[in-house]
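Peer 1: The whole structure should be built from the sequences, with the hints applied where relevant.
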Amino acid sequence: MTRIDDPCAHDSCITCADTAVAVTVLELLDDALALVEVGEGRRETVSVGLVRADAGDTVLVHAGEAIAVLPRPSGASVISESEG
Numbered sequence: 001m002t003r004i005d006d007p008c009a010h011d012s013c014i015t016c017a018d019t020a021v022a023v024t025v026l027e028l029l030d031d032a033l034a035l036v037e038v039g040e041g042r043r044e045t046v047s048v049g050l051v052r053a054d055a056g057d058t059v060l061v062h063a064g065e066a067i068a069v070l071p072r073p074s075g076a077s078v079i080s081e082s083e084g
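Residue numbers for the sequence shown follow UniProt numbering, so the first one is 1 and each next one is one higher.
For the record, the hints were derived by calculation from the structure and aren't laboratory data. Just so you know, not all the hints are guaranteed correct.
Simulated DEER-style distance windows between Cβ atoms [to be verified]:
#, residue 1, residue 2, range
1, Ser74, Asp31, 29 to 39 angstroms
2, Asp30, Gly75, 25 to 35 angstroms
3, Asp30, Ser74, 31 to 41 angstroms
4, Leu28, Pro71, 12 to 22 angstroms
5, Asp18, Gly75, 11 to 21 angstroms
6, Gly49, Pro71, 18 to 28 angstroms
Every residue gets a Cβ at the ideal spot worked out from N, C-alpha and C, and that includes glycine.
Peer 2: Listed below in structure tokens is the structure:
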């Protein structure tokens, strides 16, 4: 039986999917990991060891690994928690 909070319970997940998914980095963690927003309020931990990502960046994730950082739209900036 699949648990309701199992990320693979949905149509696809960023670990099992055979595609790269754009996600937003929420927080950098230890050991080259990051907490990311994958949509609909769901969060997952992914590896960012192959890229230079910061909180607020959008990264492409395949098989649980960030493989690219997407450019930010011109004029975009990160709002720190103390500002927001």
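Peer 1: For each hint, tell me whether it holds in the structure or not.
Peer 2: Hints and how they fare:
At about 33 angstroms, the beta-carbon gap between Ser74 and Asp31 stays in the expected band of 29 to 39 angstroms. The supplied range of 25 to 35 angstroms is met by Asp30 and Gly75, whose beta-carbon atoms lie about 32 angstroms from each other. At roughly 32 angstroms, the beta-carbon separation of Asp30 and Ser74 lies within the given 31 to 41 angstroms, and the hint holds. Separation of Leu28 from Pro71 is about 19 angstroms and conforms to the stated range, judged on CB atoms against 12 to 22 angstroms.
Hint check: Asp18 to Gly75, Cβ distance near 34 angstroms, so the stated range 11 to 21 angstroms is violated. Take Gly49 and Pro71: their Cβ atoms lie about 20 angstroms apart, and the range 18 to 28 angstroms holds.
Against the hints set out earlier in the document, a violation occurs for number 5 only.
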